[in-house]
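S.K.: Here is what each chain is made of, one letter per residue.
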Amino acid sequence: MKDAPLALAGLRVRPAEATDLDQVIAIDSEITGKKKTDYWFELFHRYGAGRSRQRLFLVAESGDTIHGFIIGEVRDWEFGSPPCGWVFGISVRPGARLAGIATRLLDSICAGFRRAGVDKVRTLVARDNSLVLSFFRSQAMMAAPVIPLEKDLK
Amino acid sequence: MKLQISTSLALYSVLEFAVNTHDPISAADIASKYRVSTHHLAKVLRELVRAGILESTRGVGGGYRFGGSASRLTLLDIIELFEDIGNHAGRNRQAGASTDVGRALGVVLAEIDEIAKATFRSITVDTMLKLIERQRAKEKSQAVPKRARS
Numbered sequence: 173m174k175d176a177p178l179a180l181a182g183l184r185v186r187p188a189e190a191t192d193l194d195q196v197i198a199i200d201s202e203i204t205g206k207k208k209t210d211y212w213f214e215l216f217h218r219y220g221a222g223r224s225r226q227r228l229f230l231v232a233e234s235g236d237t238i239h240g241f242i243i244g245e246v247r248d249w250e251f252g253s254p255p256c257g258w259v260f261g262i263s264v265r266p267g268a269r270l271a272g273i274a275t276r277l278l279d280s281i282c283a284g285f286r287r288a289g290v291d292k293v294r295t296l297v298a299r300d301n302s303l304v305l306s307f308f309r310s311q312a313m314m315a316a317p318v319i320p321l322e323k324d325l326k
Numbered sequence: 013m014k015l016q017i018s019t020s021l022a023l024y025s026v027l028e029f030a031v032n033t034h035d036p037i038s039a040a041d042i043a044s045k046y047r048v049s050t051h052h053l054a055k056v057l058r059e060l061v062r063a064g065i066l067e068s069t070r071g072v073g074g075g076y077r078f079g080g081s082a083s084r085l086t087l088l089d090i091i092e093l094f095e096d097i098g099n100h101a102g103r104n105r106q107a108g109a110s111t112d113v114g115r116a117l118g119v120v121l122a123e124i125d126e127i128a129k130a131t132f133r134s135i136t137v138d139t140m141l142k143l144i145e146r147q148r149a150k151e152k153s154q155a156v157p158k159r160a161r162s
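Protein chains in written order, with the working numbering: chain A, 173 to 326; chain B, 13 to 162.
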C-alpha cells in the first residue's frame, strides 16, 4: 500500500551512516527480493560516511525514516572517458515514490560530482528497466557515446 | 533512424497538442506548420483519437486536444500505433533470412531494434516536452547576435 504523500520540504539528503544500513538493506530487499547484507556493509565501507569526495553514498530521510539512497563515484579515464561521475545505484522505497525523492537524490549526487571537479554524469541501466530508464531520461540524461558489450565465458 | 511518414506525423502532432493544451488546434494548422497534406494528417489524427491520445471537438473553434497522460504516454506507445519496430516475423520472411548469413545479420538487426524500442519506451511525452524546451532555449541563445554577446 502506498504511504501518504511525503512532505518534500521535510526531506533531507545526507551521506549514509552505518546506522542507516538496516533500512537501506530493507529498501533494496523490497525492490530486488534479495537481502544482501554483506554486500551493503562492504559498499558502506568503501563509499559511506562521506569519507571520500570522489565516492558518494547518500540517503534521503525524513524524521528517522530512510526513503531512498543513491551511490556513485568519480571514475578517471575508464573506457577512454575523461573523469566523469558515475551513478551505479539508486532506489526509492516503493511506498514513497512519485514525491520527487529520486530527483533530490540525483541532484545531490550531481552537486557532489561538481564539487569533485567533474562536469558530466553517466549511468548504466538494464534495457528492460523502463522505470529507471524513464526516470533518468526525465532528468535530461541522454544516451552516452558508449556501447556496453558482453559475452558468455562458460 | 527513419520512421514512416505517418509515424513521424503522429509524433509531431501529439507533441504539438501536448505543448499547446489551452485551445483546440485544427488539423489544417498542424498540416500548415509541418507542410504536409491535411488529408494524410487527418487519417493520422483519427487513429490517435481512436487510441485515446487525442480528443476531437467539432464546430466553430473546434479541432483536437491532447487527451492522454503526458507523464505516462511514451514515444513507443505512439509509434506502435503506426509501425512495428522489431518485426522479426516480417524480417524472417525476407529473401535470404533463412540462410546462415541471414540469421547472423538478423541477430545484429534484432539488437538494434531492441535498443530502439528501449529508447522509445523510456521517453514520455513529459520528457519530450522538457527536451523541446531545452532545444528552444539553446537555439535562442545561439541566435543572439555576436555584438550583443560581447
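Derived by calculation from the structure, the hints in this document are not laboratory data.
Keep in mind that this is a model prediction, so the values were computed, not measured.
A portion of the hints provided could be inaccurate.
In silico lysine-lysine, BS3-like type, Cα no more than 25 Å apart, as pairs [as the list claims (entries may be wrong)]:
1. Lys323(A) to Lys129(B)
2. Lys292(A) to Lys150(B)
3. Lys45(B) to Lys142(B)
4. Lys55(B) to Lys14(B)
5. Lys142(B) to Lys152(B)
6. Lys45(B) to Lys292(A)
Every beta carbon over 12 Å from chain A, so not counted as near; a handful from chain B, in silico [to be verified]:
7. His51
8. Glu126
9. Thr131
Virtual Cβ for every residue (Gly too), placed ideally from N, Cα, C.
S.K.: Does each hint fit the structure? Answer for all of them.
M.R.: Checked hints:
Among the hinted pairs, Lys323(A) with Lys129(B) is consistent with the structure: their alpha-carbon atoms are about 22 Å apart, no more than 25 Å. Under the criterion of a C-alpha separation no larger than 25 Å, the hint pairing Lys292(A) with Lys150(B) is consistent with the structure, at around 18 Å. Distance restraint check for Lys45(B) and Lys142(B): the Cα-Cα separation of roughly 21 Å lies within the 25 Å cut-off, and the hinted pair is therefore satisfied. In summary, the hint linking Lys55(B) to Lys14(B) is supported, as the alpha carbons are separated by about 20 Å, within the 25 Å threshold.
Only pairs whose Cα atoms come within 25 Å are accepted, and Lys142(B) paired with Lys152(B) is accepted, the gap being roughly 15 Å. At roughly 36 Å between alpha-carbon atoms, Lys45(B) and Lys292(A) are farther apart than 25 Å, so this suggested pair is violated. With a closest Cβ-Cβ approach of about 34 Å to chain A, His51(B) is found to remain outside the 12 Å limit, as its non-interface label requires. Residue-level check failed: Glu126(B) sits 6 Å from the nearest beta carbon of chain A, not beyond 12 Å.
The claim that Thr131(B) lies off the interface is violated: its Cβ sits roughly 7 Å from the closest Cβ of chain A, which falls inside the 12 Å cut-off.
The structure is inconsistent with the numbered hints 6, 8 and 9, although it conforms to all the rest.
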